[in-house]
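Based on the provided sequences and hints, a complete structural model is requested.
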Amino acid sequence: LFLGDYVDRGKQSLEVVCLLFAYKIKYPENFFLLRGNHECAGINRIYGFYDECRRRFSVKMWKQFCNTFNCLPCTAVIDDKIICMHGGLSPELSQMEQIANIARPCDVPDTGLLCDILWADPDPSITVRCVKATSCSFLHGRLYFSMVVVQQGWGENDRGVSFTFGGDVVRQFLRRHDLDLVVRAHQVVEDGYEFFAGRELVTVFSAPNYCGEFDNAGAMMTVDDTLMCSFQILKPASAAQQRGNYAGGGRQGTAGRGGGGR
Amino acid sequence: MAQVANINDVGGEGWIDGIIELLLSARNKKPGTPVDLQANDATLLCTQAREVFLAQPMLLELGAPIKICGDVHGQYTDLLRLFEYGGFPPEVRLMPCPRYGSLCEISTFVMLLYRPIICF
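Protein chains in written order, with this note's numbering: chain A, 88 to 349; chain P, 959 to 1078.
Since the hints were made in silico from the structure, they are not lab data. Keep in mind that the hints are not guaranteed to be accurate.
Lysine-lysine pairs mimicking DSS-like chemistry, simulated, CA-CA at most 25 Å apart [claimed, not checked]:
id	chain 1	residue 1	chain 2	residue 2
1	A	K150	A	K113
2	P	K988	A	K98
3	P	K1025	A	K168
4	P	K987	A	K98
5	A	K113	P	K987
6	A	K150	A	K98
7	A	K98	A	K147
8	A	K113	P	K1025
9	A	K98	A	K322
10	A	K322	P	K988
11	A	K322	P	K987
12	A	K322	P	K1025
What follows is the structure in structure tokens.
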């Protein structure tokens, strides 16, 4: 299962999307693709895919790909317990049927449910959004505060699209729908995966050395048949490899495994 | 396109196998080497994939075991690395993994995620 953002930024969007489409055609019941915010004509017109299509084929070809992107599903639920999407949750999402009822083909709107599912982010500002002093104590002449950092509610998204959401939103959503975990992508994370909200949400990002500008690893999450989760990591290339000695990139060092749970 | 499949099978099983083989041939080349895809094949991939997506729901209901990947962003060499590491479809099988980190870590994860049940 891929969580979207196949195109843009990198140099071989066409190869990526063609291989993924080919596997989808070959194994329709065993291979799944969700839509990312870059599978949208308004975005990939600007960030690289349009130019690649025009250079190698034609503008007409770009339109054909966009027509197919408009038919991609946006959400998957694994064994009724793990929900997967590209961006995140939406304040408009109260019933899962709302997702199922989104009609296709469709463009990604500027606001609303589909926009949020493809664009929203968990709130990264763990710092001072809502810091509660839960207790204080006086010891050895000093005053100690214990602080609990709480991320709450919906916030403004720096991307200028959709919202951010706090850990409480994730928790309430999971309880309401009897789910255990949200799996999403959309943000580059150093280790290729990163937990949020007490491990009730995980970000998975699979493009190591994103754009050649980051030193991030890429990750792939494995969910076993008991819903135990683990991670396989593609290590980032070293600076020397990135400078041009990256010829073995397709085969070199992979290692590392994180642990996770249902 | 001479490299891909048989001309009488355009759009069929042999055709798609040929496309996959052509795309995977990049593994044996210098990273970044473009794959010589033909326009009519790309068009057919779009139309066939579109039909498959529309035949399946907007909200997919899937079963474990499953592998999940995030953003790829046109990094084809890295996508091939992911498949080499995790397995190419449909041969994806869970790899035996004795080293998840410490057992302690697993227990913590399981406890965290089962917390509601435990509390109940």
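When the structure is checked against the list of hints, which entries are broken? Sort them ascending. none
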